[in-house]
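For the protein sequence lines, the chains are B and S, in the order given. As numbered in this note's numbering, residues 458 to 705 make up the first sequence, in order. As numbered in this note's numbering, residues 54 to 279 make up the second sequence, in order.
If you are wondering where the hints come from, they were derived from the structure by calculation, not from laboratory data. Just so you know, these numbers come straight off a predicted model, no measurement behind them. Misleading hints may appear alongside valid ones.
Which chain B residues face chain S? A few, computed with CB under 8 Å, are given here [what the hints assert, rightly or not]: (1) 466; (2) 470; (3) 492; (4) 538.
Below 25 Å or equal to it, Euclidean Cα-Cα: the simulated PhoX-like pairs (lysine-lysine) are [claimed, not checked]: (5) S:232 x B:474; (6) S:186 x S:120; (7) B:558 x B:637; (8) S:232 x B:477; (9) S:186 x S:256; (10) S:256 x B:459; (11) S:186 x S:55; (12) S:256 x B:474; (13) B:477 x S:252; (14) S:252 x S:186; (15) B:677 x S:272; (16) S:256 x S:164; (17) S:272 x B:558; (18) S:55 x S:164; (19) S:73 x S:55; (20) S:232 x S:256; (21) S:252 x B:474; (22) B:597 x B:558; (23) B:597 x B:459; (24) B:558 x B:661; (25) S:232 x S:153; (26) B:477 x B:597; (27) S:120 x S:73; (28) S:256 x S:153.
Idealized CB from N, CA, C, for every residue including glycine.
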Amino acid sequence: MKIRLMYPGSNSMLEFKLDKGEAIKAESGAMVGMSSNVDVEGRMEGGILAGLGRALFSGENFFFQTLRATRGDGNVLLAPYSVGDVFVLELDGTTEYNVEKGGYLASEESITISTQAQNIAQGFFSGEGFFILKIGGRGKVALSSFGAIHEVILAPGEEYIVDNGHLVAWPSYMTYNIEKASAGWISSFTSGEGLVCRFRGPGKLYMQTRNPSAFGSFIKGLVPITKSSSSSSSSGGSLLGNIIDLAT
Amino acid sequence: MKSRLLYQGTNSAVEFFLNKNESIKAESDAMLSMSATIDVDGKMEGGVFAGLGRMLSGEKFFFQTLKASRGEGHVLLAPSKPGDICLLELDGTTEYSVQKDGFLAGTDNIKVSTQMQNLVKGLFSGEGFFILKIGGVGTLALSAFGAIHEINLAPGEEMIVDNDHLVAWPSTTSYTVEKASAGWISSFTSGEGFVCRFKGPGKIFIQSRNINSFANWIKGYVQKVK
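Isolated chain S (complex conformation) (with noise of 0.2 Å):
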């Protein structure tokens, strides 16, 4: 299967080729046009998903599956956010943490489930932070708000994250969540809040826009025309 991205930056698109019986999955509402011997399938994968990740977090996760059942197609996809796409082979051998709204597609052979981040959930701002982990082999594409922008860290190296920033890990990486300054006031007086400190080796992806931070500006426009 062929994918190219298209209109980089906050307009991004990608195009995936399938060739017949080829299928991806993609978040759901993200398909933008497909061939019409494409064929939708809305229903969910198999056990994984049933249980945990709806019920626990109270959280919606629906993919839906596009395959190309009459012969050769192409699929265009696009996120529900202005934002770039980035496009990731995977080769079995890594598994990536994704933020949940960091997934757009993947090929036939990504795995995806869904994973609870229990211990820093409620140090996460009352988000039910539930998280999605994807491995196995082909291509995955992330969505970020805004740049994706990548951070190779070499071993020992640490990087101190803003948590809206993050779009995907490696599962490897270890990090652990603390407050952004030494004092609890400072920590909220700068706007900061909870950061996550990673521990390379890793390559992770975070972007360069904060949902939060956003709607909570334009808010004020919002409300204000009555």
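Bound conformation, chain B alone (with noise of 0.2 Å):
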């Protein structure tokens, strides 16, 4: 299997080349275009099941394809939903990463991928349900940002602190711990940064450049959210007219 990232940087696209036989995991919906030799399945594996059935209870969503090369050679073209980089991780099988929800992309069949609720972390990440995935395994997996991804090194020790919107991906042994962003309650929202993540190293870190959170409420002003709109399709099918449409 050989992967080629086309287009880095906001409209990054990956590109698999599967041998017959090979297949790929995928992220519902990232398939841009495929050969003719390659079978979408959609089924979700055995043991993946009961973690997603607990996810799904929590009001998340997460379901996977899998892509094989049923036929013969062929390509699978696959590009993340959010505006923003694509960085391929090799795994040696002695190190396991926490993946935020929508920092995964795809991976090798060798891979393996849990759902884990952070639990003590739930009531802290503002009442969004925070569930990440637990990478494992030998082989490739591509994770996707908002924005660029960016890589810090921490040594043993060392303490680093990320703001929860921009975490993508960690190693699980890491420790961490979620505190207020300044030493008073008041100038940490004022701020504006609330809550952040105190890392402690060694381990390598994954953040993406851009905020979902922040990005969302900075459109939100331009995208009303009104029954009225969804009458009338927006002229050209603009970007926020879009967003209107789905949002009603």
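Since each chain comes alone in its own frame, lean on the hints to assemble the complex.
Here it is in structure tokens:
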């Protein structure tokens, strides 16, 4: 299997070249195009299903698909739904990674994926059922980000603070605490940062240069959420028009 | 007429250099800036548009014409979405079918008409799926949500493309709409739903982002902050 990253940056897309019989797992809806030798299988894997069930009860959706080159060699093009970069992480079987749920794009078949609820953090993460993916095994994993992906390497004992909206992935063995951004409650919120994660090295952190919540509130004022707008679809199908249609 | 691409990638724009009396057609509201010698005309083209496009589909599709009436000048155009622009030179032999958000601009002798895709309309999940048919001779500017990726299909070669990622394809290249997977359930649990199966020869232009998926994703973050 070969992987090629195209259009790196905001418009990134991945091409997987599969030999006959090879398969990849991908986030639901991520397929852009593929050879006619490739088959789409929507079924969820046995072990993961249980975890998915729990995830569904907590109001989260997470589906995979499997794309398999059943009838011969073939290509698959995959892209994330957010505007941002894609990064291929190579796992050697010794380190598991925790991945924020929007951060997973695809992986080789040998990679194992399970869901994990972060109960302690749940309350802190502003009412969002904060469930994450745990990714292990040996092989390649493609992560996606909103904006660029930035890597930070922490030395043993080194501490580092990351805004929770910017987290993409971190090694499962790393511990982190959730805390106020500032010493005082008021300045934590007037600063706009609210709660942050304090990580402790050693380890490699991946974060994204844009924050979906911040972007959401930035465009919120431009996207009036009214029922009446759904009847007349916007002219030219503009970006905001589509958002309006879907939001109603 | 000359044209050039600026800031290729997410923030692309295109600049057209017009001699006196030359004109271009452009998507409504695409003008970013222009010389004072250029006049904007909002009128829609001849008979083709009057009826078909809007009345049948309930969709709106407007052009503007930008004409260098009072001397040479230039026009800067940009699409409404973040993404790339691709310039195609049409020689009059190939017509392209273009998904309605994919048209940005064309020079004088580019012909644009609307076409209903009745057969697939229902399948395309309730979206009034109407497309543009673009031919003639000149430069055509296509715009995409994300990058524009070109796929060259050899004669007889087949390729499957997610319908939301389609930008343009030659009108002579045939395609069928089908379920993404053999079974109905897996077609939907896979998240792919319907796809288009193209058969070469032909050059197909696709975009690396899907506006519906993006909207669905950002929706959660827009509604949450009330």
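Hints and how they fare:
1. 466: holds (6 Å)
2. 470: holds (4 Å)
3. 492: Constraint on residue 492 of chain B satisfied, holds at 6 Å.
4. 538: holds (4 Å)
5. S:232 x B:474: holds (23 Å)
6. S:186 x S:120: Holds, at roughly 23 Å.
7. B:558 x B:637: Between residue 558 of chain B and residue 637 of chain B the Cα gap is close to 23 Å, so the pair holds against 25 Å.
8. S:232 x B:477: holds (22 Å)
9. S:186 x S:256: The hint holds at about 15 Å.
10. S:256 x B:459: holds (24 Å)
11. S:186 x S:55: Measuring from Cα to Cα gives roughly 23 Å; hence the hint holds.
12. S:256 x B:474: Holds, because 20 Å separates the two Cα atoms, which is no more than 25 Å.
13. B:477 x S:252: holds (21 Å)
14. S:252 x S:186: The given pair, whose Cα atoms are some 19 Å apart, holds under the 25 Å limit.
15. B:677 x S:272: holds (9 Å)
16. S:256 x S:164: holds (19 Å)
17. S:272 x B:558: holds (16 Å)
18. S:55 x S:164: Cα-Cα ~18 Å, so holds.
19. S:73 x S:55: holds (13 Å)
20. S:232 x S:256: holds (23 Å)
21. S:252 x B:474: holds (20 Å)
22. B:597 x B:558: Holds: residue 597 of chain B and residue 558 of chain B sit about 17 Å apart, inside 25 Å.
23. B:597 x B:459: holds (10 Å)
24. B:558 x B:661: Status holds; Cα separation ~18 Å.
25. S:232 x S:153: holds (23 Å)
26. B:477 x B:597: It holds: about 18 Å lies between the C-alpha atoms, which stays within 25 Å.
27. S:120 x S:73: holds (8 Å)
28. S:256 x S:153: holds (18 Å)
Of the numbered hints listed earlier, not one is contradicted by the structure.
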